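Construct all of the structure, not just a fragment, from the sequences and the given hints.
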Amino acid sequence: MESIPWFEYDEDALNVEERGFVDVLAARANSWLVDPLDTVVVPPAHTSDCGLIVWLDVVDPQRNQGLLTVGAHFKGSLGSRRSLPDH
Numbered sequence: 003m004e005s006i007p008w009f010e011y012d013e014d015a016l017n018v019e020e021r022g023f024v025d026v027l028a029a030r031a032n033s034w035l036v037d038p039l040d041t042v043v044v045p046p047a048h049t050s051d052c053g054l055i056v057w058l059d060v061v062d063p064q065r066n067q068g069l070l071t072v073g074a075h076f077k078g079s080l081g082s083r084r085s086l087p088d089h
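Letter by letter, the sequence shown follows residues 3 to 89 in the working numbering.
Rather than coming from a laboratory, the hints here were simulated on the basis of the structure. Mixed in with the good hints, there may be bad ones.
[Unchecked claim] Derived DEER-like restraints, expressed as beta-carbon distance ranges:
id, residue 1, residue 2, range
1, V42, G22, 15 to 25 Å
2, N17, D62, 30 to 40 Å
3, D14, L69, 26 to 36 Å
4, Q67, D14, 27 to 37 Å
5, G22, R65, 34 to 44 Å
Since the structure is predicted, the reported quantities are computational estimates derived from the model, not experimental observations. Quick reminder that beta carbons are idealized off the backbone N, C-alpha and C, glycines included.
Following this line, the structure appears as structure tokens:
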């Protein structure tokens, strides 16, 4: 069975820094207790201010109800890269 990728995106729609940002999110997401299908990447070409937007929905599958949407906006560069904790 093929696994579903976290924060799936079309490589041609994002630049190198945007792909790096999304790839870090996807790598961390393996430990999250949410469904990969509930993660979204909106390329800059599809946003009003031309910035990358990502979000995930936290849902209660038993009630088929959304509980929380958490998002991030990335516009610009990663600048100085510092390592993130593993937890």
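Taking the hints in turn, this is what the structure says about them:
no., hint, verdict
1, V42 <-> G22: 15 to 25 Å, "holds (18 Å)"
2, N17 <-> D62: 30 to 40 Å, "holds (36 Å)"
3, D14 <-> L69: 26 to 36 Å, "holds (33 Å)"
4, Q67 <-> D14: 27 to 37 Å, "holds (35 Å)"
5, G22 <-> R65: 34 to 44 Å, "holds (36 Å)"
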